[in-house]
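Student: Protein chains in written order, with this note's numbering: chain A, 211 to 507; chain B, 457 to 746; chain C, 3 to 492.
Think of the hints as simulated: they come from the structure by calculation, not from any bench.
Among the hints, a few may not be true.
As the list claims (entries may be wrong) - Not everything, but these chain C residues come out facing chain A in the computed CB check (under 7 Å):
#, residue
1, Ala11
2, Phe12
3, Tyr18
4, Pro22
5, Thr25
6, Asp26
7, Arg127
8, Ala284
9, Ile285
10, Val453
11, Asn456
12, Lys460
From the three backbone atoms N, C-alpha and C, an ideal C-beta is built for every residue, glycine too.
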Amino acid sequence: MPDLSRVPSVDEVGVNERVARFQSRSIKKASKVEALKMILSMIDLTTLEGQDTPGKVRQLCQKAIHLHDAMPGLPHVAAVCVYPMMVGVAKEALQGHDINIASVATAFPSGMSSREVKLDDTRMAVDAGANEIDMVISRGAFLAGEYAFVFDEIMAVKEACGDAHLKVILETGELGTLDRVRRASVLAMHAGADFIKTSTGKIQPAATLQVTLVMLQAIKDYYYETGRMVGMKPAGGISNAKLAVHYLVMLRETLGNAWMTPEWFRFGASSLANDALMQLMKQSTGVYQSADYFSKD
Amino acid sequence: MATAAKRLPVAKTYKIFIGGKFPRTESGRYFALEDRKGAVIANMCRGSRKDFRNSVVAARQAQAAWAGASAYLRGQILYRIAEMLEGRKEQFIAELVLQGNTRRAAEKEVDESIDRLIYYAGWADKYQQLFSAVNPVSSSHFNFSVLEPTGVVAMIAPNDSGLIGLVSNIAPIIVGGNTCVVLASEEQPLCAVSFAEVLQASDVPAGVVNILTGFRSELTEQFASHMDVNAVVYCDGGKKAARTIQTLAAENIKRVVGRQRVNWMLDDAASPYEIRDTQEVKTTWHPIGT
Amino acid sequence: MAIPENKLAFDGGWEYAPAPESTDHIAVKKRYGLFIDGDFVAPEKGRYFDTINPANEEKLSRVAVASQSDVDKAVKAARKAYAGPWSRMKPKERGKYIYRIARMMQERAREFAVIESLDGGKPIRESRDVDIPLAAAHFFYYAGWADKLEYAFPGRTAKALGVAGQVIPWNFPLLMASWKIAPALACGNTVVLKPAETTPLTALKLAEVIADAGLPDGVVNIITGAGDTGAAIVTHPGVDKVAFTGSTNVGRIIQRALAGTNKKYTLELGGKAANIIFADAAIDQAVEGIVNGIFFNQGHVCCAGSRLFVQESVADEVIEKLKDRMETLIVGDPLDKNTDIGAINSRMQLEKIESYLKIGQSEGGTMHQSSCAMPDKGYWCRPTIFTGVSQSSRVVQEEIFGPVLAIQTFRTYNEALSKANNTPYGLSGGVWTDKGSKIFKMTQGIRAGVVWANTFNKFDPTSPFGGYKESGVGREGGLHGLGAYVKLEA
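Isolated chain A, as found in the complex (with noise of 0.2 Å):
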C-alpha cells in the first residue's frame, strides 16, 4: 500500500493551462503523417455493447486486419477490445495476425458485484484467449476511502491474470476531482497495474486531456521512484485524430520517446480509425475527404 498521503495535489487550473499548450502545438508534414500512423498501431478497437453478436465481433476483427487495403504500409491496430462472452470469437477471427485480444472483466462497467464474480469473470478471460484485461476499480469503495480494499482487490486481479497484461480503468468521470484520479493512479501502479486507463467509455466525462495529463504525470513519479515503466490508455470520446494527435504530444513532452508506442500507450476507441485514415488519406493526396470511402465495420 502506498503512502497516499504523499501523493501531490492538483492544481486544475494550472493543468487546463498546460493542456491548452499541448493544444496550440501545430503538427504538420511528416510529423502529421508519422503521427496518424502512431495513432493507428495505438487503437483498441473496441465493441462493448449489451447487442454485440459474434458476427458484429468478427467484422470488428476484419477492420481491425484490414483497416484500409486501398492504403499500402499502413500498420494494424494494437488490440480488439471486447466482452468476455466474445474473446473466444474474436481468437479465432484474428488467428495468425499479431493483434491482441483485450477483454473487459471484473463486473464492466459497473464493477459493482463481489470479488469471487470478479475473479471469475478475469479467468474466463483469460482461458477463452484474452492476453490483456481491462479491469475497473470499486469507486463506490475509493470514494468511501476504503483504499485497501481497493489496492487488495487490484493485486487480485492481478494475480488471476497470469500473464495477462492488466489494465487499471479508475472510471476518472466519477472521481470528480483530480486530485483523486492522481491517487487512483498512485494506488494502481502500486498494485501491480501494466496499463492505467481512464475510463469505460459508458459514462461522461470519458477520457479527457486533463485526466490523461495527470495520470501521465503520476506514471512519471512512479517510474522516478521505482524504475518501472507503466502504459496508459485514455478511452472513450476520443473521436477525430486532430485530438488524438494532442493526447500524443502530450505523452512526448510528459514521458518523453520511451512511452511512444502501443507498448506503453492506447486510444480506447473506434470511430477514431477511419478519422485517422482519412487524414492520411488528404495528407497524400492533397484534397479532404469523405467517410463513404471507409468501411464502416
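Given the structure of chain A, go ahead and fit chains B and C onto it with the hints provided.
Tutor: Chains B and C in isolation, oriented as in the chain A frame:
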C-alpha cells in the same frame, strides 16, 4: 409609357422570443396593433402565462452559464448588440414612426439606444471594481465582498417607450450576469420583437433574454408571482400596479425594483446603480496564517 | 524523492516538423516617417535607422529618428488636439473612438502578431495568443471608462492632465503601447509616444489603425528614435504627464530630470521577483509556473520569476522535474508555431545575458542549460538555471532580463519572506502552496505590487500592475490605473 405594377411588400409576422427561438404564443391569441388612423399595423402575439412559464424555464437554464461567462465576454456581446443595432437603424426608425413617433424623435431614440448599449457594455468589467470591497475585519481573516447576479429577472418594460426604455432595462440586467423575461410595451411593441432579432444575431446565448408581447392586465401578476423568478423590475403602471407587484413578489422574497416615471432619453437614466439593483453581495472569509 | 537514475528520453524520436506562420498577408513599409498630427511625415533632420529581425539579423524596415524639433512638433500637435477637439468632445464619443481602435486591432490581429514576432523575436504563439488579444482588450477596457470617470473617484471630479509623453520598452511592444495610450485617451489626454528602438513596427502599425479609426489629428502621435528622443519627450515643457516603462537606471534618470517640474509621472521599472514553492504545493503545476515565470517571453519580462525559492524537502524533485520540462522547450524561429522560446531581442541584450552566465559561473554557481539545438544566425539563449547560488550572488541580485533562473532553497516561510523582500526591487512575487491560509500570509508579507498565488505572469486589463520600491511608482490597469492620467478636483 407603361407604368410598372406596384410591388406588394411582404409583411412581417411578429412573434415572441423564447429560448433563442421565435415561437407563436401557445395560446394562439393575438391583438391588433393599430396606428393613429386606426389601420392595423400588425397582429401581435397576446402572450399567455404558459408563454411566461416557458420563458422562465429558458431563462433559468441559461443563467448559470451566462453568469459564468467572463465579464470581458459579456461586454463584448453587449458591444456586438450595439453594432448589430447600428446596422439596422432604419428598420427601427421605421417601426417607431409607424407607432406614432416623429422621424426626428425616432432617429434620436435609436441613436441613444445604441449608445446606451455601449455604455453598459463598458460597465461589464468595471462595476465589480466599484461595488466590491476587501473588508478590514479585526480577526486574522482575508474578507472580501463581491457582487453576484441575483438570477432570473422578470422585467416589465416602460409602456410609453418603443425602444430606449426596453434597452435601458435589459442591458443593466444582463451585463451583470442575470437572464431575463421581458414584457414589451403594449403601446409600442414592434421594436421589442425586432430587438430580439438583433439579440439573436449578436452571440447572445439562447435564453438570456426572452421577450413577450401581450397585455399587462393579464401578465403582470405572472411576472410578479412566479416562484422561480429572483427579481421583478417594473417601469410603469402607477401606484396600484406597484402595490400589486410588491405584494405578489413577497411570496418568495423577490427583489423588487420600481423605475416608474423615468425619462429614458436622459443620460442620468443610465448608471452602474441600475446594474447593482439586480445583484447580490457575497462575503467570504478565509484565515490568514501558516 | 531521491534524484532518479532512470531519466526520461526527450530527444530524438517523433519530432515536430516546421510549422511556419504565413507572412504573405502582412504589409510592412520599406520606410516609416513619424506619425504626427494625423500623418506620417519625414523627420526634420532626414535621418533613419534600421530595424531588424533578431532571429536572422535581416533588415525589416527603416524608421525615422525624431530629433528635438520633431518632438516639438509632436508635442505641439498633441497640445492643439487637446485644447481643440479632444477636450471638447463628449466623453462617450471619445469612448467610441477608443472602441474603434480596439475593434480594428481585433480585425487585424494576425497581421499585428506576425509583425510583433518578426520585429521583436517573441514566438508567434505568444504574440498571437497573449500579446495582441491583451492589447486589444486594454483598449476595450479603457474605452468603457471614458464616460464613467465620475464614478471612479468618490468625492472628486476627474479632469484630464493634458499631453502625456510616453516611452515604452521592447519586450511587449504593442501591449505596452496599449497600456499607455488607452487609459491616457480614456481620461481625455492626448499622447506623444515613443516605441523602443528595436521594436517600432507594431506601434507604427497602430498609428495606421488610429488614422483609419478617424481619431482627430494629433490626439495620438507616435514618433520613433532612441534614448535622445525619449529624453526629449520626457523633459519637454509642453508635456504634462510622463509615463515610462524600462530599466530602473533610466527610471532614476527620468525622476531626477523631472524634479522641480510640475509633471506627474509613473515609472514601471525592473524587477527580480521571488517565486516561492512550498512542499505542500501542487508540484507539477508549480514546475509549470516556474517555466511560465522565467522562460516565457525569453525572460524579457520585468516581473519575471527570476529567483526561485524552493522548500528544501522538495527541492531535488522540483529541480529534476524542471530540468525535464526544460528539455521539452523548443527554442527556434519565432514564426514557427511550435516555438516556445524565441530570439533574444538584440545583440546587446544577448551579450548582457551571456556576461551574466559567465558571472554566475565565476561566482561558484552551477549552471545547467537545456540541450536543445539552436539556429546559427540570430540571437539565442538556451533556458538556463543556476543552483549553488545565494543572496549575495550577482545573478541573484541583479536583473538579467533573459531566460536565466537563480535557484535557492529555504526551510521556513519566514526565511522565504525575508529573502524574497531582501532586494531593492518589488515588482512581483509568486507563492505556491495548497494551503489557503498560507497563501494569504505570504501575499500579505511579500512587498511587491503584484503577487501571484499558484499561478504566475497572469495579466488582465482589469488588474492593476506596478511596483514597490525601485521597481517603480504608479499602477497601470484596472480602476487604479486611471489615477495616473487625471487630476482630481474637489
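Student: Are threonine 25 (chain C) and chain A close enough, Cβ to Cβ, to be under 7 Å, as the hint says?
Tutor: Check failed: Cβ of threonine 25 (chain C) comes no nearer than 15 Å to chain A, outside 7 Å.
Student: Go through the hint on isoleucine 285 (chain C) and say holds or violated, using the shortest Cβ distance to chain A against 7 Å.
Tutor: Because about 4 Å separates isoleucine 285 (chain C) from the closest Cβ in chain A, which is inside the 7 Å limit, the hint holds.
Student: Mind checking the CB of tyrosine 18 (chain C) against every CB in chain A and telling me if the closest is under 7 Å?
Tutor: Where the cut-off is 7 Å and the nearest Cβ of chain A is about 5 Å from tyrosine 18 (chain C), the hint holds.
Student: Quick check on the hint: alanine 11 (chain C) CB to chain A CB, less than 7 Å?
Tutor: holds (5 Å)
Student: Next item in the hint list is asparagine 456 (chain C). Is there a CB on chain A closer than 7 Å to its CB?
Tutor: holds (6 Å)
Student: Quick check on alanine 284 (chain C) please, does its C-beta sit within 7 Å of some C-beta on chain A?
Tutor: holds (4 Å)
Student: Closer than 7 Å between Cβ atoms is the bar; does lysine 460 (chain C) clear it against chain A? Give me holds or violated.
Tutor: violated (9 Å)
Student: Is the shortest C-beta separation between valine 453 (chain C) and chain A less than 7 Å?
Tutor: violated (16 Å)
Student: When the nearest CB of chain A is found for aspartate 26 (chain C), is that gap smaller than 7 Å?
Tutor: Since the shortest Cβ distance to chain A is 17 Å, the answer is violated.
Student: Given arginine 127 (chain C) as an interface hint, is its Cβ closer than 7 Å to any Cβ of chain A?
Tutor: Holds. Min distance 6 Å.
Student: Do the numbers back the hint for phenylalanine 12 (chain C), that is, is its least Cβ distance to chain A under 7 Å?
Tutor: Nearest chain A Cβ about 5 Å off; hint holds.
Student: Quick one, is the proline 22 (chain C) hint okay against chain A at 7 Å, beta carbons?
Tutor: Violated. Min distance 9 Å.
Consistency note: the structure conflicts with the earlier hints numbered 4, 5, 6, 10 and 12.
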